[in-house]
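As they're listed, the protein sequences go chains A and B.
Taking this note's numbering, the leading residue of the first sequence gets 1, the next gets one more, and so forth.
Taking this note's numbering, the leading residue of the second sequence gets 1, the next gets one more, and so forth.
Think of the hints as simulated: they come from the structure by calculation, not from any bench.
A couple of the hints might just be wrong.
Just so you know, same-sequence chains aren't split out, so a pair can sit in one copy or run between any two.
Here are the simulated DSS-like pairs of lysine-lysine, each with C-alpha atoms no more than 25 Å apart in a straight line [unchecked claim]:
1) K412 to K68
2) K353 to K336
3) K412 to K22
Number of protein chains: 2
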Amino acid sequence: MPDLNNRIVIIGGGFGGLYAAKALTGNTVTVTLIDRRNFHLFQPLLYQVATGGLSPADIAYPLRTVFKRQQNLQVILGEVIDIDFTEKHVTVEDRKYVYDFLIIATGSQNYYFGHNEWAKQAPGLKNIEEATFIRGRILSAFEQAELETDSENRAALLTFAIIGGGPAGVEMAGAIAELSRLTLLHEFRNINPEDARILLIEGADRILPPYPASLSQKAARSLQRLGIEIMTRTKVTQIDSRAVTAETEKGRVTIAAHTVLWTAGVTGSSLGGSIEKNTSIVRDKSGRIAVDKYCRLPGYNDVFVIGDLALFKDTNSLPLPGTAPVAMQQGRYVAKVIKSSVKKKDSPPFRFKNRGNLAVIGRSSAVAFSGKLKFSGIFAWLLWLFVHLMYLVGFENRLLVFLQWAFNYFTKNKSARLITNLKYMD
Amino acid sequence: MPDLNNRIVIIGGGFGGLYAAKALTGNTVTVTLIDRRNFHLFQPLLYQVATGGLSPADIAYPLRTVFKRQQNLQVILGEVIDIDFTEKHVTVEDRKYVYDFLIIATGSQNYYFGHNEWAKQAPGLKNIEEATFIRGRILSAFEQAELETDSENRAALLTFAIIGGGPAGVEMAGAIAELSRLTLLHEFRNINPEDARILLIEGADRILPPYPASLSQKAARSLQRLGIEIMTRTKVTQIDSRAVTAETEKGRVTIAAHTVLWTAGVTGSSLGGSIEKNTSIVRDKSGRIAVDKYCRLPGYNDVFVIGDLALFKDTNSLPLPGTAPVAMQQGRYVAKVIKSSVKKKDSPPFRFKNRGNLAVIGRSSAVAFSGKLKFSGIFAWLLWLFVHLMYLVGFENRLLVFLQWAFNYFTKNKSARLITNLKYMD
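Using the sequences and the hints, build the whole thing.
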């Protein structure tokens, strides 16, 4: 039987929580993993669900199956509504889970810079329902255009505006280009899907701002070859059901666009509010909780915040990005810290090992850099494929995704093009 | 250019409409295929989506992709709201499609014998949204049971009542048994999923009423070995959110059941109402439209009704069942009749070639008969697998389904176990 002071509660089964839980094996600790969903979601491939390339279940894996054999762990399906840092328990509906150590790994959510009214018109891509909703939106736009007789309306239906030129926006733009230029070709009788106008709108002076400038340029050229229009130094000021309005260097523009997608900003998950309320800690402007160099909540040696919700400052004082590798490494790290702590041992501070950054653009095209090493084209693309297959959970999922990518590569088909559940956002 | 009197409109892209459209190639006819959904759905495997074995896209295929190369055919996404048999056009929203020949193949919908209030509590299995909703219901029942402290409530949460002992009910019961007895084993800490009680409720004196009595018995024994309780001669009189009430030979029983599924009855699709309104033809008690021996609407030589919506009486005056083979053969047949008609040639009446009936029970277990030939067990099961893979549309889908079946067979896992879109029915 484990000691009573070794009860670990993990909130969130994303990359951070999953890797922490996996590392907390053994009979010296008991683990309770709480998630709102019954599966771990491989978010980096969500855009492929949104563009009909993969099915939701291909990139989601039941948490209970992951931990079937880990006898010291229980999975709880539910939403944590409050945390009591004094009494040391978290509340899920009417139940309380007492902890000796707490790991908060609830990630981030879409952020509209104070314009929550844009959420409905410009959905973001954080969960499966949003992905299948966006998929239906994109496919419906082509269907409606096929039936539209007014040429102006038809053009608006075939205009896709992606707001945010980071990796997620670049991926979405590339995938929609592939859909319209390759997959849907010859499928319509009244429209030519190739006429679809795809805009990538970015506030900074180049796309992929965190990447080296030369790679941003390469990515921009690749996207332009796919017929994507890139608008940099452009700030969106209004979104409604018919158009996007933005400030550019040359003044205000209004673009009639039926489909608007949001990849421009995220903020820490709402549980950050509970932390703010119950401690003296204040979130930063991105909704993140600043943690110490052990990923701990300042002043609470038994509470860890990891992944997208955490603001961890690197040795050079720059915050770590909200990516899967950061969350995974932090998850593994805090598991180690806790195990050492149980044995009354000290741990070294967290150091992020940055193995590199990858952004995919489309067929045979990606950009990557690691330290001073930069590369692009088919080699970066193959690396991207390999890394993403590697980190998918479950051999069956890996095989299914690999096969669908192979089919997609050779036939240009995207086989999961279903318009379903359009009621979801209404 | 085709003659103006060779415009064919097909309503519905299910088995009937799909096979008719595929057979109507060539440049002597133009075809308009209208469907509410953008995909053909392989309904016979929908129960595997509902029990987490397959993803929706594995058994659905975009109609536009099927007909990409068939230049004489256009696909229209929309719902037919009215048919004018005098002016010869169908109405989709505010658009009219004129026909010289019309094929109505809109299938069937769940029927609750006048108790539409049961629909919410006891969903049926006719489309993808219902399948993913049922999947969420079933999986949530186990999740809630895991957290439930009251033993009576827990038992109700783990009780699954399937109403209707036909092939669909048998398949659902078998799949839920497999889920609870094999897939979910060891995944929970407070409940044993094997404790799940699965009831198959049938009004007739045996399950699989259209099958030979000896096969019904074999199927019943197989189901009982999986721990399924079979209640025959049992008529459901009430369904609410907590229980099913039924009349049995021994009197009234009330069974506390959290999950109730409906496979007991279907009725012709609602477009039958439009036919009834605009002609003198009256639907039968199962909502079907009686057709002549050429599958024509009586009195209308240019209108065909096929598949589940049609009541076609065989040479021995028995109605053909609402199955995929009937719809497929009728689809191909009416395409031939139309092509002959265009050439001013007569056609022989429709004859259904019954190649046999198959119902799957579970792993390595099925029953089948063809004429006087009856068989069961693993051979029937392998035949079932083969036939279903054969008729799936698309090589990629066939491969993906085959692989998932192979994984399921060897690992007992069902990998598409996601709780999503639970809001759908609310």
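- Checked against the structure, which of the hints given earlier come out wrong? Hints that this structure does not satisfy do not exist here, as all of them hold.
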